[in-house]
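**Student:** Taken in sequence, the protein lines are chains A, B and C. For the first sequence, the positions run 1 to 363 when my numbering is used. For the second sequence, the positions run 1 to 509 when my numbering is used. For the third sequence, the positions run 1 to 309 when my numbering is used.
Any given hint could turn out to be false.
[Stated by the list, open to error] Dumping the calculated DMTMM-like pairs for lysine to aspartate or glutamate here, alpha-carbon to alpha-carbon at most 20 Å:
| # | chain 1 | residue 1 | chain 2 | residue 2 |
| --- | --- | --- | --- | --- |
| 1 | B | K137 | C | E293 |
| 2 | B | K91 | C | E293 |
| 3 | A | K291 | B | D416 |
| 4 | A | K217 | B | D328 |
| 5 | A | K233 | B | D328 |
| 6 | A | K233 | B | D266 |
| 7 | B | K400 | B | D328 |
| 8 | B | K489 | B | E465 |
| 9 | B | K137 | C | D294 |
| 10 | A | K81 | B | D353 |
| 11 | B | K372 | B | D416 |
| 12 | B | K136 | C | D131 |
Please keep in mind that the hints were generated in silico from the structure rather than gathered at the bench.
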Amino acid sequence: MLKILKRDDLSKNKAIFIRFAAIALSLVFSGIFILALGFNPVEVYANMISGAFGTEMRIRETIIKSIPLVITSLGILVAFKMKFWNIGGEGQIIMGAFAAAYVALNYSQSMPRPLLLLLMAAASMIVGGFWAFIPAFFKVRFGTNETIFTLMLNYIAIKWVTYLQYGPWKDPSAQGFPKVANFDANAILPSLFGIHIGWIVAILLTIVIHIFMTHTKRGYEIAVVGESVDTAKYAGMNIKAIIITAMLISGGLCGLTGMIQASAIEKTLTVSLSGGYGFTAIITTWLSGLKAPYVLITSVAFALLLQGGSFIQIAMQVPAAVADMIQGMILFFVLGSEFFIRYTIKFVRVGKSDAQGNVKEAS
Amino acid sequence: MQPIAAIEMRNISKSFGAIRANENVDLTVFNGEVHALLGENGAGKSTLMNMLSGIYRPDSGSIFIDGKEVHFSSPKEPIKLGIGMIHQHFKLIDVLTAKENIILGQGGATFIKGKELSEEIRDISDRYGLDIDPNKKVYDMSVGEKQTLEIIKVLYRGARILIMDEPTAVLTPQEIRRLFEIIKNMRDLGCAIIIITHKLNEVMEISDRITVLRKGHTIATVETAKTEVKDLIEMMVGKSVDLAIKREQTEFGQLLLQVDNLHVYDSEKREALSEVSFDLFSGEILGVAGVAGSGQKELCETIAGLIKADKGRIFFDGDNIVGKNPRDIIRLGIRMGFIPEDRLGMGLVASMDIVHNLILKDYQNQPGIFLKRRHIIEKAHKIVRRLDIQTPGIYSPVRKLSGGNIQKVLLGREIDSNPRVLITAYPVRGLDIGASYKIYELLNEQKSKGVGILFIGEDLDVLLELCDRILVLFDGKVTGVVNAQEVTKEELGLMMAGGSAEKEGGSHA
Amino acid sequence: MLESFLFAAIISGTPLLFATLGELITEKAGNLNLGVEGMMLMGAIMGFSVGLVTGSPILGIAGAILAGAFGAAIFAYLTVSLRSNQVVTGLALTIFGTGFSSFIGKSFVGQVTPESIKSFFSPVDLPILSDIPFIGPIFFKHDIFVYFGYLSIILVSIYLYRTRRGLNLRAVGENAASADASGINVSLYKYVHIIIGGALCGLGGAYLSLVTIPVWQEGVTAGRGWIAVALVIFASWNPTKAMLGAFLFGGLDILGFRLQSMGIHVSQYLIDMLPYIATVAVLILSTRNNKKEDRPPQDLSNPYFREER
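Pulled out of the complex, with its shape left as it was, chain A reads as follows (with noise of 0.2 Å):
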């Protein structure tokens, strides 16, 4: 009979190993599925790594698809250290789009550049900050569920500026087809090595979350809430005011990413800009282990995917689908190890038992 048992502790080492093997046993079933379905999974990985890194401009898009994925993981991660689980990532960084698109849309002959890209930014934080204290209101009020009321701010953002694209703020000059205006030139994000100057702000941010997270007083705060908030009250610690702070930083980082991608990619204000980058967010958040540092590898390693799958959706005809589908796969895969690595199996053999009691171990 088997009988699991809590471990007591495992080795970073062993806990390592643990996780490779799992990503590497997904990417084997997927190569199994990927076989079924007629294609060599051998060159679909190989081509998938050359369509992300093969060439100049591909290493350029898989670093352009990393950004929104690095700065949406990190105002995740704050929120997955408290234990609040924010999905509204997708709404968050609609509604800092939206705001920085009124900026943008309004603003853009009246002040200089910089400053410009700076107060889009700014209102960006603030909205996408305000979506995510919502629901942080809620919770620490009357305790209401955070997970749905987050995805169903997802919605309501959606329909907002969908409402907006294809009325209010539809652009004249775009002979009926509905989409927002352009934004100006002035307010469009520079680049910097032929790409957006998006990058920057990512390794800027994930040294700023980091340093926040381990080196400040508010970062350990939602560390110790995060993991007992018994703990929390016995320190003597506003628990209240630490849900919220980390709520607002939270979306107010999905939103910066909102801001990012309609100034620098859709150069409008589009509903598609979100581009399902909150939800794989948490993918590459859970991934990280919640560590700042290993967010940015998680990011580029997704980004690496997503590339890859859309070049070999146009190289091999194999459907960009498949790419979704590994992402569902190795998560399913982690999540599985993450059993391995908290608990250890025993044998035990029912009926008799020596003074020691257990028998045989198994782990």
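Guided by the hints, dock chains B and C onto chain A, whose structure is given.
**Tutor:** Okay, now just chains B and C, sitting in the frame of chain A:
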């Protein structure tokens, strides 16, 4: 001819890691008897019974039911054999009705036949003298009614062997009367009943035989009619053991903490503490003795500001701090250390290292937004050295440490803040001898610096040797405050069981 | 006018009905499965593709049920046996399911539902019932899929509140430890009901792909899976209320078109927001609701583990 015992447990042992909960325990219970299982906290009573109910499995030894050896691997099997356990914490589903709870997990017809069921329940109720409304929701029930429901539940499943874990702990006197009637009925109808308890007067009233456990061992099995309370106490607490714990001699200093008429209600609206008053002076260790659940937890947490008192005052250095939460207490500069019972769940952050646990209370008084760790790192090294904490390093998560070392980290932190009052709840629980002595040493050190220490403990021998005075709690009330050098272990045992101190103790001129 | 609107609301709400009922059952077992959208999509595509290839409505339905059940089985294994975090696992299922559906659906985009299936699901007037004034034409002139929806609600209600197994299930979701102590096999109950829940979600997706929408398109569920999760809360975990909620939200879904056709011009998209705003309102109000029976199962999203001390 010797009747076959309903239950026979032979040579049972069970350990949880380093803790030996039961060692070579023997227990025999016959049909038509009420058998009391008596012992202090941690004596091993619940563990033993959990092996009969299928929740734990013995490491060694055998269990015989009606003469046949059994090995339970899940709660389902004992139920089939007619064993019904009524836990101290009820296993009922709040939103369901009484009769729904009763048929839970039972096989039978697909559809619930409400009327039939109600009748069956009525049969059982009448036979045993129980009273219950089958359609009442559990969340509407009083504690006594819930217990009656648990009893009917096991009877419905055909239990002839009933095990009750501290059944009177939550009942009013009238409900206790009724319960005893019910138990007598069941005994007369041929059931075997085991009652786990620490209440001596009740044991004398209701039981036929008594088995006393102490520190995991069977001490004796006696017939109630041929025993006296004082014999039982002696068996429960044992002879005084000289532990050679030093008691520091200090001069009594000023009044540090004055608790006045404290009333606290727990989450179930019952009085966890009532009319509690006492003083704590600098340079003394005031022990708090009592069986588990007498209000110790509420006492500590109310003083520390984690629980709100409903009535009463707490004076720290003349200021009434009742109603202040831990934040206020830290902000006001009140130096009070609290080492809670739940070390990893409340006192520490299990996944963080020593350094980050040391700053838990300290960080608020640091200026700026950054966490300054340098001086804490030095402090961490210092504390590890001074308290001899065994750890792979100051950066390992504290949950990896052994119980004793975890406690040292907690104590080290609290002591380091130079408290004037130190509250420690069960500080040596689960610690080995060496670690325990180290803790006593540290506490004595603090005492000689003039700190007033409130020491909630389980081991009477320790309390008698380490403390200056001992306050005894029973059922949320103070049953005595005595001088540790004058009181006997038996007298303490009596007070813990509800009797009051004959001597006026604890006054100091 | 009102009649035809309510009639259409029922059609619009039926996929929601199945998905909500499925998630309700899962949550009664104590597990929160956020993969509803994924399971609906898997059911939608498998229902459509099998139906298209075989021409058989029965096989199509079977395909949808199996697809939803399969997704739920993965979730069940991860969250019950491996005790993984339910929120993230559910999300993974949605991502996987969305990709799966989009992937297989690629070769079916633009394809039309076969005649054999369309006619199988053509509306049928129920004798006697459909003659009841006002109510008759609204409720009893639908296709058999809708009728099956009504039946499911009735069956699940009876199951939950009048059978032993249903009682045991409720106990598992409320307090797994007490259920265990009563001798109930907690893991088994969770597995079975999570999978049944997934099957129902798949069925909801199939209604969309086989009946409502004449041509396969990507993203056919349009976020309904998420609404279903919220609807479970709206329904206070009660099947009858779930049905009403599903039809209500089905109505909200088509409200925009109706208003426009009536000459009232409110932006479609603002109307579109209504279901979600309503859900938020319900969320807030329900947390303040103190009636114990309307609360979530107390052990919802807590993994159960009969562990030694």
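**Student:** Does each hint hold? Answer for all of them.
**Tutor:** Tested hints:
1. K137/B x E293/C: 10 Å, holds
2. K91/B x E293/C: Holds: K91/B and E293/C sit about 18 Å apart, inside 20 Å.
3. K291/A x D416/B: Violated, at about 31 Å.
4. K217/A x D328/B: Holds: K217/A and D328/B sit about 18 Å apart, inside 20 Å.
5. K233/A x D328/B: 11 Å, holds
6. K233/A x D266/B: Within the cut-off at roughly 18 Å; holds.
7. K400/B x D328/B: Violated, because 32 Å separates the two Cα atoms, which is more than 20 Å.
8. K489/B x E465/B: 11 Å, holds
9. K137/B x D294/C: Given that 20 Å is the threshold and the Cα spacing comes to 14 Å, the pair holds.
10. K81/A x D353/B: Given pair K81/A, D353/B holds - Cα atoms ~17 Å apart, limit 20 Å.
11. K372/B x D416/B: 17 Å, holds
12. K136/B x D131/C: Measuring from Cα to Cα gives roughly 42 Å; hence the hint is violated.
The structure fails hints 3, 7, 12 (numbered hints given earlier, in ascending order).
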